[in-house]
Amino acid sequence: MKKTNALIFGYNEYGLEIAKNISSEYNNVTIFKLDDSENTIDKNTSLKVEKFDLSDDWSSLINKYNLEDSIVFCSLEDVAKNIFLTISLRSAFENLFIIALTDNNESANKLRMAGASKVIPIVETTAHMITDMLKKPIITKVMHDILYEESDLKIEQVKILHADFFDGKYPADIEWSRDHGVLVISVTHEDGTSEFIYSSKTKHHLIKNGDIFIVVGYETDIKEFEKLVGVENEN
Amino acid sequence: MSFFIRLFIDFAYFLNSSVWYQRKRRFVYNILENDDYKYKKYFDIFMMILIFSSVSILIYEVRRDAHDYFQFFNNYIISFIFFIEYILRLWISSSISKVIINQNEYSDLLGRKFNFWFVIKRVFKDKLDYVFSVKAIIDLLAIMPFFHELRLLRIFILFRVFKLFRYAKSFQTFAAVLATKKFEFFTLSMFAAIVIFVSSVLVYVMEANNPSSPINTLYEAFYWSIVTISTVGYGDVVAVSPEGQFVAVVVILSGISVLAFTTSLFVSAFTEKLEDIKESKVIQDIAKMQRIYIICGYEEIAKEVSKKLIRANLNILVLDDSLERTEMAKKDGLMALQYNPGSVDSYKKLHIDMSKQVKAILCLRQDDIQNVYSSLTIRSIDKNIYILSLLMNRSNKNKLLHSGVNEILYDKEFVGLIAKEYIGQPVAFEAIHAIRSENSTVKMEEILVTERISRTITYVKDLDNINYRIVVLGIYKKSSGRFYFNPINDTLLEVGDHLLVIGNYMFIKEYVKYLSKKMKT
Chain H
1 MKKTNALIFG
11 YNEYGLEIAK
21 NISSEYNNVT
31 IFKLDDSENT
41 IDKNTSLKVE
51 KFDLSDDWSS
61 LINKYNLEDS
71 IVFCSLEDVA
81 KNIFLTISLR
91 SAFENLFIIA
101 LTDNNESANK
111 LRMAGASKVI
121 PIVETTAHMI
131 TDMLKKPIIT
141 KVMHDILYEE
151 SDLKIEQVKI
161 LHADFFDGKY
171 PADIEWSRDH
181 GVLVISVTHE
191 DGTSEFIYSS
201 KTKHHLIKNG
211 DIFIVVGYET
221 DIKEFEKLVG
231 VENEN
Chain E
236 MSFFIRLFID
246 FAYFLNSSVW
256 YQRKRRFVYN
266 ILENDDYKYK
276 KYFDIFMMIL
286 IFSSVSILIY
296 EVRRDAHDYF
306 QFFNNYIISF
316 IFFIEYILRL
326 WISSSISKVI
336 INQNEYSDLL
346 GRKFNFWFVI
356 KRVFKDKLDY
366 VFSVKAIIDL
376 LAIMPFFHEL
386 RLLRIFILFR
396 VFKLFRYAKS
406 FQTFAAVLAT
416 KKFEFFTLSM
426 FAAIVIFVSS
436 VLVYVMEANN
446 PSSPINTLYE
456 AFYWSIVTIS
466 TVGYGDVVAV
476 SPEGQFVAVV
486 VILSGISVLA
496 FTTSLFVSAF
506 TEKLEDIKES
516 KVIQDIAKMQ
526 RIYIICGYEE
536 IAKEVSKKLI
546 RANLNILVLD
556 DSLERTEMAK
566 KDGLMALQYN
576 PGSVDSYKKL
586 HIDMSKQVKA
596 ILCLRQDDIQ
606 NVYSSLTIRS
616 IDKNIYILSL
626 LMNRSNKNKL
636 LHSGVNEILY
646 DKEFVGLIAK
656 EYIGQPVAFE
666 AIHAIRSENS
676 TVKMEEILVT
686 ERISRTITYV
696 KDLDNINYRI
706 VVLGIYKKSS
716 GRFYFNPIND
726 TLLEVGDHLL
736 VIGNYMFIKE
746 YVKYLSKKMK
756 T
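Those sequence lines, one after another, are chains H and E.
Residues in the first sequence are numbered from 1 upward in steps of one, following the numbering used here.
Residues in the second sequence are numbered from 236 upward in steps of one, following the numbering used here.
Bound-form chain H, shown alone (with noise of 0.2 Å):
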C-alpha cells in the first residue's frame, strides 16, 4: 500500500534533497528539525519544517499524522542521534516504515538492529557507484537513466495475478521481447527471494499468482503487459 505521508527527520542536505526527490509521491512530506542543534539551512523552501527532540514523547507526532499510513526518514547527521531516534520509533511504533541514513557499514548495522526496515549507507552508495562509473560506465549511464531519471525505458515491478494467461510455461521459455516488448530480468518469489530470469531454479518454476516480474521496457509496453497478467504495482 503505498502511503501518504512522509516524515523527514534531519534539517539537512540529505533531508531536503530526499524532501525534494519524493514531495511528489505523497500528499504530505515534512522536515522534522531537531531542536537548534542542527544547522537552519538558508532554503526557500517550501516544504512544512517542524521541530522535535529526543524525549520519548511522541504524542503531538501522533495526533497530526496516522503513521500508519506514513514512510519515515532518519537522517540525522549525528550517528549515535540517529540511531537513538530510529531505536525510539521503533519501540513506539512497531508497523513504522523507517528508512535510516548512515555514513558508514559498521553503523548501518547498528541501525539494523535499531529497528530500521532499510538503511542506506552513504559511503558505501557513494563509493560503488564511483566504482561503477569507473569500471562500467556504459552501464551505468543507462541504469541511471532508467532508476533515476525522467526517462521512457523504466524498471517496473509486475505482481502477477493471472498466472493462468502463461498457460504453465516456465519464465525462460516465453520469448519477452518479441511477444510483449519487455525484458524480464529477475522473479521475485512470494517468500520475497529473487531470481534471475535464466537461474537453474526459475527455469523450474511455473509461474503463478504472487510471482512479482521484475521488468525492464518503455512505459506503455508495460503498462500493456500489466493489463495481460496483472493489474496495479505492488507496493
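Mixed in with the good hints, there may be bad ones.
To be verified - Below are the BS3-like pairs computed for lysine-lysine, each with C-alpha atoms no more than 25 Å apart in a straight line:
1. H/135 / E/542
2. E/416 / E/516
3. E/618 / H/135
4. E/516 / H/169
5. H/135 / H/159
6. E/748 / H/203
7. H/135 / E/416
Honestly, the hints are just simulated from the structure, not real lab data.
Place chain E on chain H using the hints.
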C-alpha cells in the same frame, strides 16, 4: 678554420642529429643506467649470474683443477663481456659531440676561433672523471683476470663481486643511506684510528722487552689492538704486564663505545631515510604501471572506493598532503605518497606519462575547495585526462565543472534519487541492487564489439544469447552515442558498439569467448 676542424665539427653535428645514433645511445643508456627501463633488470640479472659463476669457478679451482672450458669462460668470455660493458659505460658517461657543438656555438657567439685543443682537453677531462670514479675502477679491476698469466691478477675476480653494487638496487640504497652519515662515520673512524695507534705503540713499548709477552713486534701490537677494540678478543695475543693490561682496559672500554656508536649510526641512518626509501620505491613501482587510478585525498569515501578498486585488481595511487591520512592509506595496503594533490610538482615527481599511464584521477576529498584546486592543477598538466570529483555542496557544482572535471558525484542528490526509487519500486530496486552488488553471481556487463566479433556477427539476430542464458538489455551505439533498448533483430552491430548484457558471470565469460571464436557460416 682548417678542413680537418670543419670536418670534426660537422661530424659532431651529424652524430647529434642522427636518429639512428641517438636511438642506439639511448638504448645503451637505458639498459645500463635507467632503473625505470623495463629491460634493465634482465641485464642486471644476467650480469649477476656472470659474477656468481666467475666466483664459483675461482672457489672450485682452489682445491681442484677446473676444466679448460671453465677457465676459458672465466678468463676470456666473462672478461670480454665486462670489457664491452666498460667501453659502453665510458661511451655514455659523457657526450663528446655535445661538448664540440657547445664549444662551436660559444665560439660563434663571441666571434672567436674554435679552440680545438680546449675541446680535446675537456673531452679527456670528462672521460677521465669517469675512469677514476670508484665504480669505473671496480669495473676495470674486474676485467683484470683476463691477464690470467699474471697469477696474482686472478684474485681480481673478487672485484667482480663489488660489481654487484651496480646491479642490485638495494646495495646502492644501502650505500646511499650510509653516505648520509659520512661525517659521523669519519669522526668515529678518526677516534678509533687514534685509539688503535696510541694503544699499539703503548703496548709495544710496554710488552716488547718482556720475554713472557707474545707481543714482540709493532705489527703484533697493532693486531692485538684491532682484536681488542673490536671486542672480538681471540686471546692468541695478550698483554701480560700490568701496564699492558691497563692499556687493554682502556682499549676495551673505547671498543665498547666505538661499537655502540657504530650501531647507533647505522640505525639512525636507516630510520631517517626509511620514508625516503619507501617513497622512491613507490615511485619506481608506479613508473612501471599502466592504467593507474590516482586518488586525491584519502577520506571515508576514498577509502571505500579504493577497497573496491583493489578488489578489481586495478592500480591505485593515493596522494594526500596529510601525514595521518597517507599513513592510513598505507595501513590499508595502498600505495600512497604524502604529496599535495593540488601541486604540479607532486605529479612531476612521479615520473609518469600522465596521458598514457593514468586512466583516471579521482578527487575524493570531502571538501569542494580542495577538489576544485586539485582538478585545476591536473587540468593544467593534461587537457584530456579523465577527472571525477565528489561534490559536497550543490552551490559549488559550476566551480567544479569550470575547473575541468569530467564527472561529478553529488552524494546528497544521489541519496535523494535512491530514496525516490526505493519508495516507488522497492522489489525492483532490491532486485536490481542485488544484481549490481559485487557479491552477486549474476552480473551486468558491457561487451565491446571488436573487429573480430563484427566479422562474424553482423546483426542482433546472430547474437544467440538465449543459449547462453543471457539477457541482452540493449546496444550502446558508438556512432550515435545512444543506448538502444531491446533492439530489433535487423539492428546492425558495428565495431566500437557495446552490448549491455545480464547473466551469470561464468556464462558471460563463455559467451564472450563464443562471440570471439564464432566462425562465419
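Which earlier hints can't be squared with this structure? Result: hints 4, 5, 7 break, sorted rising.
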